[in-house]
Structures are given as structure tokens and as C-alpha cells.
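Next come the chains, spelled out residue by residue.
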Amino acid sequence: MASGRLSKVKGKVVDIPNPPTIGTATAGGESVSIAFTADSSGKGGPTRSYIAKSNPGNITATGSTSPINVTGLTVGTSYTISVAGVNETGTGEYSSASGSATPIELTSFESIATVALSGSQSTITFSSIPQTYKHLQLRLLGRTDRASADDYFSVRFNSDNTAANYRGHYLIGEGANVYSGDHGNDYAIYGRLTGASASSNMFGVGVIDMLDYTNTNKYKTGRNFGGQDINGSAAYAWNGSSLWMSTSAITSFVIYPGAGSNFVQYTHAALYGIKG
Amino acid sequence: MAAGATYEPIATTTLGSAQSTITFSSIPGTYTDLVAVSTIAFNNSDSLALRFNGDTSSSTLYSWTMLSGNGSGAVTTRASNGARALADYNGFPTSTVGEYVSIIQIMNYSNSTTFKTAISRGNSAVSGHGTDAVVSLYRSTSPITSITFGMGTAMTQNFAVGSTITLYGIAAA
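Top to bottom, those sequences are chains A and B.
Read in order, the letters of the first sequence are residues 1 to 276 in this note's numbering.
Read in order, the letters of the second sequence are residues 1001 to 1173 in this note's numbering.
Calculated directly from the structure, the hints in this document are not laboratory data.
It cannot be assumed that every hint is accurate.
[What the hints assert, rightly or not] Covered stretches of chain B, as calculated for chain A (at least 3 residues, CB under 8 Å):
(1) 1077-1086
(2) 1101-1110
[Claimed, not checked] Looking from chain A toward chain B, a few residues come up when the C-beta cut is under 10 Å (computed):
(3) Thr21
(4) Thr24
(5) Ile104
(6) Gly173
(7) Asn201
(8) Met202
(9) Gly206
(10) Tyr266
[Stated by the list, open to error] Computed footprint of chain B on chain A, listed as stretches where at least three residues anywhere in the stretch have a Cβ under 8 Å from a Cβ of chain B:
(11) 218-229
(12) 250-263
Remember, it's a predicted structure, so these values are computed and weren't measured experimentally.
In this text, a Cβ means the ideal position worked out from N, Cα and C, and glycines have one as well.
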């Protein structure tokens, strides 16, 4: 309980506040949120604020009401939290410790690298991919020199050029017909881009998620979403899934246009890492 | 390889009263892509539309292609010329905010060399509704500095109270 520390405020003797009743600790990204119930005895008059303190680390955070979020904690470390009230006289005694909570990775979406083409190029490569994220996302705006309104693109990982190691499925709407198919035992086709006969300003786009890419116990699964609208035939809204049948962590990948074609100027591929 | 945190909220609008359009203007040109996340409600069955830069200068500025499934089949359709882009074809009317959500990706919105392409997915878990994917083309090389969301062909129907749209920016390294 409170030590009985006193001060005189406007002629009144004011005690430090009793500790609040500790509540549930909830883990968040590099943080723990602690709930508590204010002391109802009225001792020490109005409590101005509360301090929450971690154990280990003695990292503190302040707030005027429950809950208080203690940030800057280490991912994977188990913490308990205690809370004390603060008034004119000072800081009261801390409450009993909460149950333990272990902070998780802070969710974050980070740019890793970008390739922006100033001319034609046969492939686009991302190498030395950091292994510090949970998932990867490729955001692509592209066009090729294929003598058609559209072209395909596919992805190969870690220089694995064995077609049978890849699979993929797709669902495409092109305005008049719905197509669904299986790219069995072939390089997974991730989507479509515009080709040379589309208007020169028209580019296809895609957002491709490569999930759990550092895991060494699972094959690697991707989900693909994109489209191109070129005001006529060969316009597509596409969804797809892809599988690379390898348990190796993805450390690099190469984006290929359709056979014999090249990506052209203004094609833009940006790779992001997702934590959490 | 360079790295940097991104996917930053630019603005959020939550309606306190029903209104026909939601506009984000003065969008900074410092990102690579934009993402709009909407949880909206509306009482009329119609499509969720987009208009960029307030641009209605031509009836052939926009085109779109969509793919939709409702649990019993899949359909696709296309509009070659129009005065709006499309974010959701079905409209999935619902009176409860949160039953319908769409995520709209507007790629390379600030460049001045390519036409602008947006892709979107809309989903409603309400019985009889479904999911759809749409690709839209805005035939302009102007950077996108404002986006207006509306309902229906004329964009004159109302979003319900509580409808929320948040706009995010994603910057490439």
C-alpha cells in the first residue's frame, strides 16, 4: 500500500494515491497494452495520471485513463506490467504485476527495391532479398513489345529453371467470357500485361503477394491480382494462385515476359516487405 | 537494397450524414501507388464508381472490365467508353456499414507518361451477394490529384451515414 508520503497543497495535506487494480495485459506489436481500474478510495484526491512500468526493462508509459500502451518492448520477451497513480504529491506505489504478455513483431509495410525501366529489358531481377520480413508484395506496372494487345508474365525463384517445379491457376474475366485454367508443370504465369499493339500509354498492372517466403518447411504460395483495360478486346481482370514446389527460402526472383518479348520503357516493378 | 516503411494513411472520410460523393483532393504526389479501403453502405443496387481529377471532359475517358462471382456462377462484362471508372460492379447494397468492403489499388498515379490503371476487389458476405474484381483505365497522362467516389452511372445516389473510405499512399524505394 501507499507509504503515506504527504504534501500540503493549498493548505490541505494530500497523500499519494493508492495503486489501481491491475487488469489484463494484451500483447501488441513491440508493445503491451495494460488495463486497470482506478482506486475508488479517494485517497490523495484526484489522480492526475498513471504510469505503467514493464518488468523486465522498467520501460514506462503514461496515460490519464485505462488502458495504457507500453511501447518499445522487445519482440519475444515476456513482460509483466505494473501501474501507479500520480497526483500533486507524487507517484503512488505500483500495483501488483499483471499476467505476462509477449510482444509480437510490429506490422510494417516497407519498400525493399524498385526497378523502373528507361528502355527495353528482357527480364527484371530482384536479388539479395532480405530475409527479415514475413511476406513479400510485388507491385507491377508493365508492358512488353510482343506484337499483340497483351502478353503474359511469369516469375522464377532462386534461379530455379525447372518448369515442373511450378504450378498455377487463374480466373480471368475479359468482358465477354470467363476463363479458368491450370498451369500444371509449367512456370507459374502470374498475370497479363499490355503488348505492342495496345495504345502506347496503356500498361497492365498487378499486385502479387508471395507468402511466408522465408519458411524452409513449406512450398511457396503466391496470390496474384491484376488487370489491364485497353478499351477493347484483350482487356482482362485476373486473379490467380501460384505454387513453387520448393522449401527453400526465396532469396531472389526473376520476372519474365512472354517468350521472345521484352519489357519496355516505363515498366515499373516495386518490391515490398511485410512484417508482422 | 534500400528499405523504408511506407503504406501511410493520407486521409479518412466517415460520413455523418448521407451524401452522394466522397472526394479526396490535394493528394500529394510523393507516393508511387494509392490504395483506397472502403467500408460503405448504400440502399440502392448500383455500382461504386470513381472519377479522377474531377475529369468529365470526355465521355470516352474511362473504360473498365469486371469479373464477378456470387456463389452460383461467374460473369464478366465490360464498358469501353464512359465518364467514370469502376470500383465495384454489383453495388452490393447493404444498410449496415461493414458488410461490404472494397480495396482499390491505383497504380503509378503520379506519373505523367502513362494512362492510369486501377484494380479493385469488392466483397459482401450478405446472402446473395458475392465478390468481384474490376480493372479500370483512365485515359489521361495527367497525375491524379483528386479522387471522387460515387454511386451509380451519374454518381448521384447517396452513401449511408457511417460509410468510411481511407486513402493510403505507398512509396517505392
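Against the structure, the hints:
Only residues whose beta carbon comes within less than 8 Å of a beta carbon in chain A count, and the stretch 1077-1086 of chain B has 4; three or more means the coverage holds. With 3 residues bearing a CB less than 8 Å from a CB of chain A, the stretch 1101-1110 of chain B meets the requirement of three and the coverage assertion stands. With its C-beta approaching chain B no nearer than about 34 Å, Thr21/A sits outside the 10 Å limit, and its interface hint is violated. The restraint placing Thr24/A at the interface with chain B is violated, with a minimum CB-CB distance near 26 Å, outside the 10 Å limit.
At about 17 Å, the closest approach between the beta carbon of Ile104/A and any beta carbon in chain B exceeds 10 Å, and the interface hint on this residue is violated. At a threshold of 10 Å, the smallest CB-CB gap from Gly173/A to chain B is about 3 Å, leaving the interface hint in force. This hint holds: Asn201/A has a C-beta 4 Å from the nearest C-beta of chain B, less than the 10 Å allowed. The interface hint given for Met202/A is met, as the beta carbon of that residue sits about 5 Å from the closest beta carbon of chain B, less than 10 Å.
Nearest Cβ of chain B to the Cβ of Gly206/A: about 8 Å, under the 10 Å cut. The hint holds. Residue-level restraint check for Tyr266/A holds (minimum Cβ-Cβ distance to chain B is 6 Å; threshold 10 Å). Under the rule that three or more residues need a Cβ within less than 8 Å of chain B, the assignment of the stretch 218-229 of chain A holds, with 5 such residues. For the stretch 250-263 of chain A, the stated coverage by chain B is not satisfied: 0 residues place a CB nearer than 8 Å to a CB of that chain, which falls below the threshold of 3.
Hint violations for this structure: numbers 3, 4, 5 and 12, all remaining hints satisfied.
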